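**Student:** Got chain L; can you put chain F on it based on the hints?
Chains as they are written, first to last, in my numbering: chain L, 1 to 275; chain F, 1 to 435.
There's no promise every hint is true.
To be verified - Here are the simulated DSSO-like cross-link-like pairs (lysine-lysine), alpha carbons at most 27 Å apart as the crow flies: (1) Lys109/F x Lys168/F; (2) Lys149/F x Lys207/F; (3) Lys149/F x Lys168/F; (4) Lys109/F x Lys149/F; (5) Lys335/F x Lys364/F; (6) Lys103/F x Lys269/L; (7) Lys269/L x Lys109/F; (8) Lys6/F x Lys269/L; (9) Lys109/F x Lys6/F.
Simulated from the structure, these hints should not be mistaken for lab results.
Keep in mind the model is a prediction, meaning the values are calculated, not measured.
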Amino acid sequence: MAEQRVLVIEAGRTERHYWADLWRYRELFYFLAWRDLLVRYRQTAIGVAWAVLRPLLTMAVFTIVFGKLAGLPSENVPYPVLVFAALLPWQLFASAASEVGGSLVGNANMIAKVYFPRLIIPAGALIVSCVDFLISLVLLAAIMAWYGFVPDWRILALPIFVLVALAAALGAGVWIAALNVRYRDVRFVVPFAVQLGLYISPVGFSSSVVPEQWRFVYGLNPMVGVIDGFRWSILGGAAQVYWPSLLLSLVLVSIVLVTGIAYFRSTEKTFADVI
Amino acid sequence: MSAVIKVEGLSKCYFIDHRPGPAYRTLRDALANRATRVARRLARPLAGASPAADEGPSREQFWALQDVGFEVEQGERVGIVGRNGAGKSTLLKILSRITDPTKGRIHLKGRVASLLEVGTGFHPELTGRENVFLNGAILGMRRVEIARKFDEIVAFAEVERFLDTPVKRYSSGMYVRLAFAVAAHLESEILIVDEVLAVGDRQFQDKCLGRIEELSTGAGKTILLVSHNLDVIQRVCNRGLYLRQGSIAFDGPVDRALHEYVTNTTATASSRPLEQRRNRYGSQLLAASGFRIVDMHGAEQGVLQAGGDFIFVVTCRKSAAIGDLRDVNVGIELKDCRNITVWLAYSSFTRDSFSVTDDEIAVKCTVRDLNLAAGDYSVTLFLSRGEHEVLDCVHDAAMLTVAGGDYFGTGSAGLPDHCRTLTRVGWHVTSARGP
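The following block holds chain L by itself, in its conformation from the complex (with noise of 0.2 Å):
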């Protein structure tokens, strides 16, 4: 009780301490990423189950389709390694931008009536996601082993593309959830982009089948340069990158994650209001 903070609260003000403040709560991010946690595996026996499913599913299906059936180059790696490793920031992004853009109004009792840094929701969906990612990243160890494969030392570099992902996903996730509170019908329109997505990413084939003059262009895509740097790092010199390409993702990145964080903050205050 020593400290007697005084606190001010004005009409119109931006709040002046925000990014101390979600430093001070950080408990409050442990314990909602702690919750969801708890809740997603405790409820669904299958859940670490679903976890491994999931992505090997999708990564025989891709095979068959993409590798088999199309006979799409498979750049001197198994194909199911190719797939695979591309399909890790696929759904590390997929799963974590939808978590993020349902979060606020899946918490939106707590948001009426109790008063934090809003952001400390969506960062704290984020965590689920990267924990099924940690499973599907043992299933790879686990794949490449089997097909005798080893990486070299450009794997010491996935953890930035990890980042780049999550970075990719947040920004999208909170323009997503601060959308979400206001117009109630975007959260039908997030499955459908998602599914969009999967198939205009290069996560059945590499990027290098697209014709020379349009990588640039393909870049626009920010998952392409995240993914293509996926493969780059596990895949060894075995996967090219098309630099300019990943750059422009970066920038992307970039830009859709400080804009989705400006427009959360800007409406941060009429969440209550309205949700």
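**Tutor:** Here is chain F on its own, set in the frame of chain L:
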């Protein structure tokens, strides 16, 4: 002693949508609207000067709070009363930083714990133990703080044996007890409480009240409390703040504030003379001239209690142009805040029609065991000859407020937001595989 809460010129404005269609906005509509607006502007470039005009008629401003100002000293226990929609909850929401004021400023000195709902963030799948930590964190407690008080919280809630059971298996009583226990152990200098005491059984409500009193007198906490239960306010608070239509109507000692509130509610109900109302229809051969509610001893009542006995008195004046009136029926209809009729008494239902020979009569309708949930109701009066000839019909003839009371004898208030009428029934369970 210095003010720990200082509120100056606080106002909050909401926009009410009057557009038809779904209650929520859709992105599709928003985009379509914007496109139309752009198209319109392109078509008539000079007319685009006032873009707000497009939104004009469909949106209406509503000032939930208007220029509210007060100061609270440390250790004061302030009870906030007022009708539904007077701005009580909005005030608490702004003080707890859940929503932003439109105008004005607030200075708060010290840590604020606000309890606008019991068990916010409780997850049914998690155990009692897990929920204590989660809920504590949501309310702003640190993990070490929760761990330190854990035993105390559990003891207060009396759920020791069920700590590792998911709360979805808890009885509603246990659930509420645990939730309140966490909140009651918050360390803060200012405690903001909204109506949460309306839950749990009588015994536990008393325990909660005791805890609040203990916190305020013992620990010198400042307390702001909103409740429809005037007894609770009287017991806990030493200062009362009466809000009316978004402004402070009275600020002072709790007894006087409650008195103001109760008498004012009666006063507004009978202030506009019914006889002078023009928004009525019917032949006016007999017209309603007054409406009041008294208890069984004849004392006028401002606020009614569910489960209580009352007499609704309708006074009527007969037109001089006519002789005796026969076969007259009187109807009293109550509408809730959504303008839905939830209660109707009509003398023809029980074949209680009567004759009018005097110039002015008082029709008394005895209501026993009032089965209305807490809230405000608008009274419609209806006079007819036979069942079809309308003599007089006045909407919003008066307002009545139901607050508190104990209809079920369990302390439960029912679910006033969900269902306006209360019904007492018997429950029995037998085997379905009967002979």
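**Student:** If a hint holds in the structure, say so; if it doesn't, say that too.
**Tutor:** These are the hints, each one checked on the structure:
1. Lys109/F x Lys168/F: violated, 38 Å
2. Lys149/F x Lys207/F: Since the Cα atoms of Lys149/F and Lys207/F sit roughly 18 Å apart, the hinted pair holds (cutoff 27 Å).
3. Lys149/F x Lys168/F: holds, 23 Å
4. Lys109/F x Lys149/F: At roughly 24 Å apart (the allowed maximum being 27 Å), Lys149/F and Lys109/F satisfy the hint.
5. Lys335/F x Lys364/F: Within the cut-off at roughly 20 Å; holds.
6. Lys103/F x Lys269/L: Within the cut-off at roughly 14 Å; holds.
7. Lys269/L x Lys109/F: holds, 22 Å
8. Lys6/F x Lys269/L: holds, 21 Å
9. Lys109/F x Lys6/F: The given pair, whose Cα atoms are some 9 Å apart, holds under the 27 Å limit.
In summary, the one numbered hint that this structure violates is 1.
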